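S.K.: Below, each chain spelled out in residue letters.
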Amino acid sequence: MTFWTIQVLNGVSFGMLLFLLAAGLSLIFGLMRILNLAHGSFYILGAYIGLSVGRVTGSLVVGAVAAIALVTLLGVLMERFVLRRVPAEELPQALLTFGVLLVVGDLSLWIWGGTPQTLPKPELLTGSMRAGDIVFPTYRLFVIAVGVVVGLALWAFQEATKAGAMIRAAIDDAEIARATGVNVSWLSTAVFGLGAALAALGGIIGGPFVGVYPGADFEILLLAFVVVIVGGLGSLKGALVGGLLVGLLDTFGKALFPGLAMFTIFAPMALILAIRPTGLFGAR
Amino acid sequence: MNRAAVAVAAALLAAVPLALSSYHVGLVTKMLIFAIFAMSLNLVLGYAGLPSLGHAAYFGVAAYAVALVTLRVSDNFWIGFGAGLAAAALTSALFGLLALRAQGSYLLMITLALAQVLWGIAFGWRSLTGGDDGLPGIMRPGPGLPWSLGTGTAFYYFVLVVFALATGALSIVVRSPFGRALVGIRESARRMEVLGYDVWLHTYVAFVLAGTLAGVAGALFVYYNGFVSPAYVSIVFSAMALIMVILGGAGTLFGPALGSAAIVFLENGISAYTERWLLVLGLIYVAVTLFAPTGLVGVLRRVRRWA
Amino acid sequence: MTALTVEALTHSFGGLQALNAVTLSAGVGERLVVLGPNGAGKTTLFNVVTGLIRADAGRIRLFERDVTTLAPHRRARLGLGRTFQITTLFPRLTVLDSVLLAVQGADGARFAFHRPLRAYPRLFEAAERLLDEWGLLDRAHVMTRQLSYGEQRQLELVLALAARPRVLLLDEPTAGLSPGETANVTAMIGRFPRDVTILLIEHDMDVALALAERVVVLFQGRVLAAGTRDDIRRDVRVAEIYLGVDEA
Chain A
769 MTFWTIQVLN
779 GVSFGMLLFL
789 LAAGLSLIFG
799 LMRILNLAHG
809 SFYILGAYIG
819 LSVGRVTGSL
829 VVGAVAAIAL
839 VTLLGVLMER
849 FVLRRVPAEE
859 LPQALLTFGV
869 LLVVGDLSLW
879 IWGGTPQTLP
889 KPELLTGSMR
899 AGDIVFPTYR
909 LFVIAVGVVV
919 GLALWAFQEA
929 TKAGAMIRAA
939 IDDAEIARAT
949 GVNVSWLSTA
959 VFGLGAALAA
969 LGGIIGGPFV
979 GVYPGADFEI
989 LLLAFVVVIV
999 GGLGSLKGAL
1009 VGGLLVGLLD
1019 TFGKALFPGL
1029 AMFTIFAPMA
1039 LILAIRPTGL
1049 FGAR
Chain B
3 MNRAAVAVAA
13 ALLAAVPLAL
23 SSYHVGLVTK
33 MLIFAIFAMS
43 LNLVLGYAGL
53 PSLGHAAYFG
63 VAAYAVALVT
73 LRVSDNFWIG
83 FGAGLAAAAL
93 TSALFGLLAL
103 RAQGSYLLMI
113 TLALAQVLWG
123 IAFGWRSLTG
133 GDDGLPGIMR
143 PGPGLPWSLG
153 TGTAFYYFVL
163 VVFALATGAL
173 SIVVRSPFGR
183 ALVGIRESAR
193 RMEVLGYDVW
203 LHTYVAFVLA
213 GTLAGVAGAL
223 FVYYNGFVSP
233 AYVSIVFSAM
243 ALIMVILGGA
253 GTLFGPALGS
263 AAIVFLENGI
273 SAYTERWLLV
283 LGLIYVAVTL
293 FAPTGLVGVL
303 RRVRRWA
Chain C
151 MTALTVEALT
161 HSFGGLQALN
171 AVTLSAGVGE
181 RLVVLGPNGA
191 GKTTLFNVVT
201 GLIRADAGRI
211 RLFERDVTTL
221 APHRRARLGL
231 GRTFQITTLF
241 PRLTVLDSVL
251 LAVQGADGAR
261 FAFHRPLRAY
271 PRLFEAAERL
281 LDEWGLLDRA
291 HVMTRQLSYG
301 EQRQLELVLA
311 LAARPRVLLL
321 DEPTAGLSPG
331 ETANVTAMIG
341 RFPRDVTILL
351 IEHDMDVALA
361 LAERVVVLFQ
371 GRVLAAGTRD
381 DIRRDVRVAE
391 IYLGVDEA
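Chains as they are written, first to last, in my numbering: chain A, 769 to 1052; chain B, 3 to 309; chain C, 151 to 398.
Keep in mind that the hints were calculated from the coordinates and are not lab data.
Since the model is a prediction, treat every value here as computed from it, not as a measurement.
There may be inaccurate statements among the hints.
Subject to a maximum C-alpha distance of 20 Å in a straight line, what follows is the list of computed SDA-like cross-link-like pairs (lysine to any residue) [what the hints assert, rightly or not]:
| no. | chain 1 | residue 1 | chain 2 | residue 2 |
| --- | --- | --- | --- | --- |
| 1 | A | 1022 | B | 268 |
| 2 | A | 1005 | A | 914 |
| 3 | A | 1022 | A | 775 |
| 4 | A | 1022 | B | 133 |
| 5 | A | 1022 | B | 128 |
| 6 | B | 32 | B | 303 |
| 7 | A | 889 | A | 1005 |
| 8 | A | 889 | A | 878 |
| 9 | A | 1005 | A | 916 |
| 10 | A | 889 | A | 903 |
| 11 | A | 1022 | B | 129 |
| 12 | B | 32 | B | 269 |
DEER-style ranges, computed between Cβ atoms [said to hold, decoys possible]:
| no. | chain 1 | residue 1 | chain 2 | residue 2 | range |
| --- | --- | --- | --- | --- | --- |
| 13 | C | 295 | B | 292 | 16 to 26 Å |
| 14 | A | 900 | B | 292 | 54 to 64 Å |
| 15 | C | 285 | B | 26 | 57 to 67 Å |
Where is the CB? At the ideal position from N, CA and C, for every residue including glycine.
From just these sequences and the hints, can you work out the full model?
M.R.: Here's what the structure looks like:
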């Protein structure tokens, strides 16, 4: 019983991290129809910058804030000055972001080296909490909490505020949004920046337990893709459900069949593609 | 491209071992192998318009199949090579069924994800694939063939013949009604559908053909290098094939070969001075998408006014 | 035998009911016009009939054969052709290459992958004949996206004809055309082979009534009225919806 509870908590905490990663990707695609392959880059930059700034200043919080701010800035610059110059078609845009993925990956290798690193956890969040027989790392509970808070914030943002309504309108029809005075250009930049910020946050949160290393950008991208394939591209609900599903399946798969790591990722993807190719909550 | 240019190119390629050092012969061999890889991707990406970004999956799976069979079952060339082709064909048949359920960005994501899954298997299944270290010790083909391909020159001519056959075969396919239908599907799948074409079947057949041809290149590459590693199924290899197609000119017959030449020689030159080849590759991606989306062939056409 | 029959076709998009138990039929060689204001469900009807959308309920019969669950390309092979309201052509192909593809689609040669297209002169002859007949031969080597809008609408019609359809669905063929071009296209449709059944969506009442023998009026997804030209001209309900709605 304890074993299962722990695995479920593990799965949910991993799933929340996946949700953070997928949410940014989905948001950018939903509004701008851009598949941002540089999403993996934003993740590792978030982790690496957080690590370096944290070391230099001695404060993890400063490191985290700096990382998110810098990566958001990078995202904004990338959208405004580079992405806009590419024809507004799927393949050229994706190729451009692919180029950025390669550039950032190699620069990161150059700057931070090839040794895998893990971000240190804040004092407060080390150790574990007990509930009856169950002992669970505090940090992972923190990850779940962050995921829930961010999820609620994004949902509230979309549902309740005017900005959220604008994004929803623009997602449904850019021309109509423009006609009613919504500034689609500013909105695009803001959404891209928000997506980058979410990825960087993922890097900071995931840093302590997933770590950061050469190739992490590709691996994170794959995980985000699988979540979005399962949950549906462009849907916040899809990112959450997909994230939790993949997180749980991956955790249970690894616990029960340790050798078949990749198949626990492959199986849900193949199943969804066979039954509902645009994902659980994707637009048809 | 007109016949004279093709004849000149053929003559030059045939003369390579006579004129260049063995190091450079090796480089041109590599260029020809990657040209086949890029041409296979061109069939689905350039002609049929399918954004397939995980093409190294079929290249790599064939390489691993050849390596495993050659090392553990039989060193007969036909058996090894055949295993490679079969692996590539089966993998592309399976992945095609999954990926072609979707279009556009979904297709792009799915093809990348499927290739990454294979990479994960190659990396993780140490007992079978040797993991990150890969599998070394594959000899140049010999058993089963009338001559040994042990020397650089013999292997070069072998690869050149395969390249010529592949180019010839592709040239026939793209000019055929099937090939023209692929182009029609790229331009407007909806129009093709109501004109009576089974769009899914056309794209599926193209996908499997392309995967199998990528397998040919993968098999050749493992013989060329003598080993196989997870890099062969990695995003980096898919990225190389992709930029060769785009840089050379997607949807043209000789574009991928031009792109391969450019990238292979660039990589060779740059890697002699710095480790930052991937940085350069990424910058090439950015530059090409911004400034030359129709690739080198497009530039050449504007310069020479060929039809 | 009727050429096309549609029985109780119903379809909704989310909460919006686009088609509500629509029933109509067209005899062989008939010219049937589908009228109705924007949002009446006309294009949805065409999309369902050609198979691009699967209806929630209802049946479709092509020459008495039930095609309700057939894929679009299978229906096309059975003789169902279509033009689109938004021009659906091959932007980077020439006019000739486009018509070749259309002709090829109706020919057994379409599966060949081992011989070049040049090895099938009958396809070229058929394509050139079509272009000549419909006045586009001098534009044969022009890329589609360089044609004028009027020429593109013409090409759209030629492509549909090239597939040798027995039932042709034309979705607003004169949309966006100048009066001169409209007259051209109307004359063109008037010259289509008499054994081809034509269903025509039109906003322009003059064009519609010039070409039509029978008329079906859709309104909010239902069949409001059906009958001859004269019946519809006299129908009060039809006049109401057209007076109350801004016409293209």
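S.K.: Okay, which hints does this one fail, numbers in order?
M.R.: Per hint list: 1, 6, 7, 8 violated.
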